[in-house]
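There are 2 protein chains.
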Amino acid sequence: MALIVQKYGGSSVADSEKIKSVARRIARAKDEGNQLVVVVSAMGDTTDELIRMAQQVSEQPDERELDMLLSTGELISSTLLVMALESLGYKAVSLTGGQAGIQTDSSYSQARILRVDPQRILAELEKGNIVIVAGFQGVTQDMDITTLGRGGSDTTAVALAASLNAEVCQIYTDVEGVYTADPRLVSEATKLKEIGYEEMLELASYGAKILHPRAVELGGLYDMPILVASSFSDSPGTLICKEASMEVRNKARGIAQDTNVAKITVINVPDHPGIAAAIFEPLAKANISVDTIVQNASIENITDLTFTVARSDLVKAMSIVEPVIKSIGAKRCVTDSTLAKVSIVGTGMQNTPGYAARMFRALYEQGINIQLITTSEIRITCIIAEDRVKDAVQALHKAFELEIA
Amino acid sequence: MALIVQKYGGSSVADSEKIKSVARRIARAKDEGNQLVVVVSAMGDTTDELIRMAQQVSEQPDERELDMLLSTGELISSTLLVMALESLGYKAVSLTGGQAGIQTDSSYSQARILRVDPQRILAELEKGNIVIVAGFQGVTQDMDITTLGRGGSDTTAVALAASLNAEVCQIYTDVEGVYTADPRLVSEATKLKEIGYEEMLELASYGAKILHPRAVELGGLYDMPILVASSFSDSPGTLICKEASMEVRNKARGIAQDTNVAKITVINVPDHPGIAAAIFEPLAKANISVDTIVQNASIENITDLTFTVARSDLVKAMSIVEPVIKSIGAKRCVTDSTLAKVSIVGTGMQNTPGYAARMFRALYEQGINIQLITTSEIRITCIIAEDRVKDAVQALHKAFELEIA
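Those sequence lines, one after another, are chains A and B.
Number 453 marks the last residue of the first sequence (the working numbering); no jumps.
Number 453 marks the last residue of the second sequence (the working numbering); no jumps.
You may find that some hints are simply not true.
One copy or any two copies: either way a pair holds, since identical chains are not told apart in the list.
Said to hold, decoys possible - Computed cross-link-like contacts, SDA-like style, restricted to lysine to any residue with a CA-CA straight-line distance of at most 20 Å:
1. Lys66 - Glu134
2. Lys68 - Ile99
3. Lys290 - Leu275
4. Lys175 - Ser154
5. Lys68 - Ser278
6. Lys66 - Ser157
7. Lys364 - Ala410
8. Lys66 - Gln103
9. Lys290 - Arg100
To be clear, the hints were calculated from the coordinates, so they are not data collected in a lab.
Here chain A stands alone, though its shape is the one from the complex:
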């Protein structure tokens, strides 16, 4: 008898018919002889609706209160899912994050899981129950309710799977799996059977948006295989696991793109120690993630410094950078928010010559200008004009022969 953790997202339980359909899926997995722990998100746009209610009574809702408010969304979906299972004749029980033993720190709205005490879940499984756990939430040591922030329910599922030593953590969502490229851009994009944790991380961070990086990281840390599959079909999905990287070593695995990119260039920066800190420390304090940073070679102690931020952070970032520019004696600052990133991702890529060159040639042949280049162990990213993203992704998909992945 295998213990399986499943997770269903908000769109999979958006109304009573969808809840009943998810119940039938769970029932099928139970009939196959598995023990089941199922993590569920709030129904459809419940969370947005609750936030709207909060905004009607307060311009800046207290985070502790907002977390308790938002946690009700998952309580509603999890109890309804139990009722639907019971009306199919299956024994089931719903647990709040707290009841499920998910203990977090007290960083409201973005709490981190400190530990999972799976005692109650194990007792319910022992009784033959299917256990439905409200995702996205936990409790502090003082029994205050917290939410886990973005990707919260995915993280709940992987954390439970790890602590229960489950066979697999199955994430059911509204996509069929992980593709070699965004199928909306590349019609030849193929679904990957397997992908490594690190590869998935690079893909997800760079726009694949299938599974939150936090959940992938946790999966990698505990070596918990994560299946990503559609909750609306029976196609097999993509398994995120450790083994994948060995089998497919030295191969590009997928193309990712991200259009939420803005570039800031500080011109004529005096090139002496402390300048970078003067610019990036206040941005970090304002919780603005700086991505690619490039500094041109210094000529006569004057340099240009370029970096990218999320486009949605651009206005805030500029309000912080502009006063700094004057204080450090730089000349001025220019921005460009018409850019995008395209990346090729694959384990061991950087150790293998030729990948970068192949990427640059493919873009060159399409007449696409590369503005910035940045690389990691398993990723090469080019920043290009946003209106060339589709051409770039298609050209790269072809150049790396991903249609026969």
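Given the coordinates of chain A, assemble chain B onto it according to the supplied hints.
Frame of chain A; chain B shown alone:
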């Protein structure tokens, strides 16, 4: 500095404007230098909406799951109320029933409070917080969420007031207080300044429907004064307390009516031991409350047995009684669902001659026929035709000079 417990019902927090208005009321009480614990019901028809959702996925929702589902209604209203208070500049914190230390048995949907551990509430008051508690709910020893059933939030408020040794428990609702009669029937009805627990119990059970009997009983048990007042006006309301009965001893305090009455008469019952049990035990098992029971004097060991049930229970009651009739050898059964109760209520009434006679005369003078009579220590009830209720209540109000209460 006085510690006050307030309770606001669902209609008082039905939308964001009403929540803000309640917040301003609470703020005013805080400004007067009080420590405040506020119990809140679910917004408007949230509970009905949640029940409707449950019914869409299950014909007979599991009670444990339904309780957890329904408990979210009060979490939503209590967190929103905190946000509204904070945006007025007041420190506040919301607590679930469990966090507030309300421990219950595990009778889902109608849990009884076993004890209140007010440690967390006291700690929050100590920090200067206004404490908002989600009404209607508690937790079992196993940390499962329960709801308290009808009158749950009132009961939460009185239980907290008792365990915190509060100065008063203020129940804010959509009526102005307790009247000598239903103001919709008697235009001269006057609001009572005070009323005793037992008097209130008789009034409430007999249709006043202002405060659930369970909360009144608990108040009486712990001698906790309960103020019932409007959440929409500043009029002073009615105080339910022990002293009232001393001051106003031997006086009719109010008239109550109840039109949810049906009469069942079993004709030609053999008059021997065990017959009453044979009829009433199966009714009790089916959870049908039997009210007035009258048995005519036996003539030749044959008697008629009459009793009343809530009109809404009549069909169910008859389905239980009819098979019994045959088995005990009674002749047949007749029902009447066009009846109503009118009662006069006042402490020590039964020990004072003349009240019953005065009541019967007042009804007689209106040509109102009395079908059944039943009395308690502090109440005399007549069962009459429903279409004469208004006349009866007006006549009794006048006969007992309640317009000058």
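Right, here's what the structure says about each hint:
For the identical chains of this complex, lysine 66 and glutamate 134 are intra-copy neighbours only, at 16 Å inside a copy versus 38 Å across copies, given an alpha-carbon limit of 20 Å. In this homomeric assembly, lysine 68 and isoleucine 99 come within 20 Å of each other (Cα to Cα) only across copies, at 16 Å, whereas the closest approach inside a single copy is 26 Å. When the C-alpha separation of lysine 290 and leucine 275 is checked against a cutoff of 20 Å, the pair qualifies only within one copy, where the shortest distance is 12 Å, while the shortest distance between copies is 66 Å. In the homo-oligomer, the alpha carbons of lysine 175 and serine 154 lie at most 20 Å apart only across protomers (18 Å), although the nearest pairing inside one protomer, at 32 Å, exceeds that limit.
For the homomeric pair lysine 68 and serine 278, the shortest alpha-carbon distance inside one copy (16 Å) is at most 20 Å, but the shortest distance between copies (43 Å) is not. Proximity of lysine 66 and serine 157 under a CA criterion of 20 Å is satisfied in neither setting, with 28 Å inside one chain copy and 27 Å between copies. Taking identical chains as interchangeable, the C-alpha atoms of lysine 364 and alanine 410 are never at most 20 Å apart, the minima being 35 Å within one chain and 79 Å between chains. For a Cα distance limit of 20 Å, the shortest separation of lysine 66 from glutamine 103 across copies, 15 Å, qualifies, whereas the shortest one inside one copy, 29 Å, does not.
In the homo-oligomer, the alpha carbons of lysine 290 and arginine 100 never lie at most 20 Å apart, since the shortest distance is 41 Å inside one protomer and 45 Å across protomers.
Checked against the numbered hints above, the structure breaks hints 6, 7 and 9 and satisfies the rest.
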